[in-house]
Amino acid sequence: MVNPVYIIAVLLSVSFLLGLFRKPGSDFARLAALITLAFPAIVSVSWLLQFLGEPTSPFIIYTAGSVPPFSINLKMGIEEAFLTSAVNILGFFGFLYLYRTFKESGVSAVVLFLVLVMGLNVVIMTRDIFNLFVFLEITSIALIGLIFLKKDINAVSAGFKYLIAVSVISTILLLGIGFIYYFAGTLNIDDFVSKNSGAVKGMSTAVFLVIIAVLLELKPFPANGWGLDVYQSAHPGISAMISAGMATASLFVLYKILPFGAVYWMQIIAAVGVITFVGSNMLGIAQKNANRLLGYSSIGQIGLMVGIIGFSPMLGKHLWMVFFGLFISHFLAKAGLFWLSGMIGKENIKSWSVLRKQPLLLIAFGVFAFALIGFPPFPSFFGKWQLVMDLAAHGQFGWIVAILLGSMLEGVYLFRWLGYAIKLDVEADQKLDLGIEKLIPVGVFALMLFGASHFAIENVPGGLTLNLIPVYFILLLFVLDFLPAKIKNSIAILGMAYYAWLLYPSLQDDTLRLVFAGIFLVGGVLTLFAGYSVKGKRAGFYPFAIMMYAGLIGLVEAKNLLQFFFAWELMTLGSYVLIIRGKKSLVHAYNYMLFSLGGAYLIFLGMALSVAGQHGLSLSLLNTTHFPGWAYTLLAIGFLTKTAALGLHIWLPGAHAEAESDVSPMVSGILLKGGAFGLIVLFLAMGAEKAGGHPLLYALGWLGAITAVGGNLMAVFQEDAKRLLAYSSVGNLGYILFAFAFMTNVGWLTGLTYSINHFLFKTLLFLAIGGVVMRVKTHNMYEMGGLIKRMPWSFIAVLIGIITLAGIPPLSGYAGKWLFYNAVITKGWYFQGAMVFFSGTIAFLYCFKLIYSIFLGQEKDKFRKVKEVPVWYILPQFILIIGIMVFSARPDLVLKPIGALLSQAGYFPTDPLTWENVTASTNLGYWSGYKIMLVIGVMFVTLLTWLLVMSRKAQKVKQFNIVYSGERPFTPETTHFSHNMFAPYYKALGFLTIPVVTSFWEGVNSTAHAFADSFRKIYSGNGQTYIAHILAYIIIVYLIIF
Amino acid sequence: MELLIKIGFVLLGLFIILNWGLIMAGIIRKIIARVSMRRGIKIYQPYINLIKNYSIRSQLSHGVMFYLGPVFRLSGGVGIFLFMPLIYGSEIWNNFSFTGDLILIAYFMFFGMLGMALGAGEGGHPYSAIGISRGLAQFTAIEVPFTLALLSLAIQYKTLSISEIVAMQQGGIMHWTLFTNPVATIAAMLSFLGAMGHSPFNVVMAPQENPIGPPTEYHGTFLGVLQTNRAILHVIEAVLYMNLFFGGASSWLELLVKSFFVYFWSVFVGMVFPRFRVDQSIPWMLKIPMVLGILSIVLLIF
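For the protein sequence lines, the chains are A and F, in the order given. If you use the working numbering, the first sequence closes out at 1081, no skipped numbers anywhere. If you use the working numbering, the second sequence closes out at 306, no skipped numbers anywhere.
Just so you know, the hints here were simulated from the structure itself, not pulled from any lab data. There could be a bad hint or two in this list.
Claimed, not checked - Far from chain A by the CB rule (all over 12 Å, computed), these chain F residues:
id: 1; residue: 41
id: 2; residue: 52
id: 3; residue: 68
id: 4; residue: 110
id: 5; residue: 156
id: 6; residue: 174
id: 7; residue: 182
id: 8; residue: 206
id: 9; residue: 258
id: 10; residue: 274
id: 11; residue: 278
Unchecked claim - Cut-off 35 Å, straight-line C-alpha distance, at most; resulting in silico cross-link-like pairs (DSBU-like, lysine-lysine):
id: 12; chain 1: A; residue 1: 970; chain 2: F; residue 2: 162
id: 13; chain 1: F; residue 1: 262; chain 2: A; residue 2: 970
id: 14; chain 1: A; residue 1: 828; chain 2: F; residue 2: 56
id: 15; chain 1: A; residue 1: 992; chain 2: F; residue 2: 46
id: 16; chain 1: F; residue 1: 56; chain 2: A; residue 2: 997
id: 17; chain 1: A; residue 1: 866; chain 2: F; residue 2: 56
id: 18; chain 1: A; residue 1: 992; chain 2: F; residue 2: 10
id: 19; chain 1: F; residue 1: 56; chain 2: A; residue 2: 992
id: 20; chain 1: A; residue 1: 598; chain 2: A; residue 2: 389
id: 21; chain 1: F; residue 1: 162; chain 2: A; residue 2: 935
id: 22; chain 1: F; residue 1: 10; chain 2: A; residue 2: 935
id: 23; chain 1: A; residue 1: 866; chain 2: A; residue 2: 904
id: 24; chain 1: A; residue 1: 1026; chain 2: F; residue 2: 291
id: 25; chain 1: A; residue 1: 729; chain 2: F; residue 2: 46
id: 26; chain 1: A; residue 1: 576; chain 2: A; residue 2: 904
id: 27; chain 1: F; residue 1: 46; chain 2: A; residue 2: 970
id: 28; chain 1: A; residue 1: 396; chain 2: A; residue 2: 574
id: 29; chain 1: A; residue 1: 866; chain 2: F; residue 2: 291
id: 30; chain 1: A; residue 1: 729; chain 2: A; residue 2: 866
id: 31; chain 1: A; residue 1: 396; chain 2: A; residue 2: 240
id: 32; chain 1: A; residue 1: 995; chain 2: A; residue 2: 906
id: 33; chain 1: A; residue 1: 995; chain 2: F; residue 2: 56
id: 34; chain 1: A; residue 1: 935; chain 2: A; residue 2: 828
Said to hold, decoys possible - Here's a subset of chain A near chain F, in silico, CB distances under 8 Å, partners left out:
id: 35; residue: 78
id: 36; residue: 873
id: 37; residue: 994
id: 38; residue: 996
id: 39; residue: 1016
id: 40; residue: 1028
We put the CB at the ideal spot given by N, CA and C, even for glycine.
In isolation and in its complexed conformation, chain A is listed as follows:
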């Protein structure tokens, strides 16, 4: 192994040597520096590999020929190896990124860069605090020199402020070090600890000065204006070095000097970190400048890692895993984002849409953003997971809430930004700086995130139980994204079908899960069929579609909480990208993401509460939680964000309506069942029948009923066909929630029947309407009309769909209604039940409006030549119709085994539904789907035949041949009664649809932004103010401690 001291030696000597090549822009100097920078990277990585290969004791380097405390020593342990590897890799790629910039700035900048990297190495490795101080100074000075690289007034002024701030901090640090030496007689960290010098009288002040200085170096909120200004004004390549490199070293310094402090420092450090995380992200939400926003995000993330260091006593042996997860994500993503910012070269985050010119860069942006927030499979997901679990184990729920709040706020701005990049128009004259030397670092860092993910999965407890086959399949689809859509579609369908085949044996006996697996996988395949009608590549569609389905199926397969949450987040991520593909989906996808993120964090918190005080990760821990009230409520609200219960529904209509034609059925008919399945898992955990009288369930029952009425009523007043269906989904999910909240045998059968039906008819309707919308290119129903003649197949599909939706016998919707009545009466929830029934009659209004306005009434001139929707849309619809028919005639095929499972597994043994051949009966009544269908079928055919005989000579007349003797004087537009069809109804009941919920959330939004906007005014840009902040910060922390 190469002695790590050579890292310093080589960097230092090359820096000196380069002084000989003073000629500005010397190519040789730059090349030499680049090659030189590869050296420390190779050395560190080789050390890291050695440590990873076989755990050996750290390598200590003694300088000046004697042992400490008489000389300085450096240490190369696994921690140092990892961090120097990070810093040196960053150094290499950071330099590569700046390669062209250095041509203009000359050799001195190159030298400064080498010195910076060298300084960071020493700061990480040294065990001597004075040496530490010296090299912190060296790195700071090198950095300031590099900040001045960008020759504009803002950079210079920011650099100057930085200089002043760092000098003040250094002075405090130096004072502290002086005192330490005075009291302890040593400057060596290990020596200090072994002598137990912390106990010396007066030492606490000395330690205070050192720790506070290091904390200030890490830019704690709100004494960090100087740092923000630098992030904003420096060259993004340099900001990347500060955010990823400098922070790495400083964090490790904090970690190294921890043994100095008494235990109470831990809480202070944790508080400083978490407050920084929350505060910084809070202020970030109002920020529009890309680099400054990255600054907020950097400071926030670094704050979180400071917090982790503060939590280290609680994390115990998980400390490094947690730190690794969050650190590596921040490190790679933030460097990558700053680099991207440099390539874009514009300040406003809206300019990032230019990334669309280079899709790979857009993907990189997405990868970085998702990694920062902590979506799977990125390491931060696992880091945050373990952090929260460990904090929960120690009962630190306040911290968890704060951390999740901070993450949520980070999501607010990162997803707005990502949305802009994906959706906003590209400014015509805008160019991307696409030098190869810039592309390589971004690409390498994005790829390294995946490598790091692998490492994180292996090291997080429970990580090896994750089923990664779907994840690899998704990656494969990314790789194959260059293929035509039709081929990828086939691959996706085959993949899902194969997975279904693999999965079936394991779920065969668990009919409850099997039903949902069926909805997810069969539904997935059917909805993908529609994709065959898309021409071209459909770039980026399939990986995310499969990701959503993988997440959904993962929920069903999950045996432990980590698997469940991993799947949940995977589903959210995939569906978000699917939704945002719609033309006008920017805002809606953003809303969806925020609600999903909020919901996910509530679920996360609920899980953390559930496992607190228990061992392991198994899903069954939910049953035995020590905090049932809180845990169940949080989990329920979390799941309700996905089922769009009233109050949490505002994301749904837009998201479903504006999605692409074949995405709407995916996210409406199928995705929503993910939330329903979550509720099922929760309710079973609550103890099934025993929990029947739980107040939470009672509340959810009412919420379901109110949601049903609200959703359906809002659907009635829509003019947009897809919005109508979307609101109808809100209402239908209200039924489902209501039914599951019964916690009785028949109640759950109702819920499952509703779930299956909703899947069948909503997928069918969205496919049909999506196809129509695709042909007529408008969502407004009143613009359509009379399309039955052009699209008879779609008409039949919609007809079957609405009959099922409305619950009219003989189709399976009626099965749900019948079960529903029995459940309501058995349970005694009469008034809620009456409300749900009322919502069912409301459904008629929009069902009629939907089918009439589109297919019946007056045909418009402009649509006289539209064609039937593509066969690839029709095919899955008719498969679904077959499904409806089978389920209608033989509901016993599905409901009987589920009923048996519900009673026999002990979930709901009381008052089961009994089957006698095809007739179902309860204590109250009976119904036979098969016989009803037979009777109605025979009767219908008989009557039809009779009418055919009676009016066999009926003459087909033209459109306007109505009672005015064919002299209707108006246009089809004015004859088609559709717009504002239910005006009197609105007059009577419209007051119930006043959007109070939307106003509420808008209020929350504007309050948060206004707060962020006014609070960030403390960053006045004045250097003196910043110093005052620093001093005030020191005093406040001092007062808190002493």
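Could you slot chain F onto chain A? The hints should help.
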């Protein structure tokens, strides 16, 4: 063979109900005329109308759905008949009520409504659509007190089977739901006013402003089918209320008499009260009738 006999009796029952519907319609129109100081039609006028419509030779169709609309409508009426037990204690006159209970009938009402709405919709006449939108809107509110009353009945009798509900009302007039659960009965009878479509709830087909509403475009055989259905439906809906609230019928005569009076209730009210607009009828239904419905449940729970 057994099935054939069953079908034979079912058809016979249907025949009786249809004729009774036509005669009843004639009688009632006669009564209305006399109350309004007119001579009125002959009692057998509905038969003449029906025969005339079925014999009209010119038939116009606006398309498949237009054609199917009346079929749906008549299937709806006949279907309810098929699922309805007619005479208490008679196996023969129970029709196909073994396939489903009260809920089936409550929901099968929608079958005809929906089909009719779609058929009329394809006719393309705005009056049809206006009529349907009014009818559906009003219907949502009308169903509320009825549902509450049904729930009340289900709590009271602990069953959803119509035959059993009838069985439990046997043994004297005081056992009728009318007396054992008067609040629910009142709520349901107020809802019945709306369901029958007489004034004040007849804005759907209001002749003066919206010429006959949904069936505007229908004529000839199609109209004949609709009229047939109306005759059946009026009787059978009255039979439903009779079964639920007035002790059912143990003979055909009882059925005919009771159904007449149940139906007559809506005519009687219609003669006295003027027409509601939709935005008036909905709040009306959601006030006193709904409160009565809720009360009928509350009284049973507590």
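Checklist entry - Does the structure break any of the earlier hints, and which numbers would those be? => result Of the numbered hints, 3, 4, 5, 17, 20, 23, 25, 27, 31, 34 and 35 do not hold.
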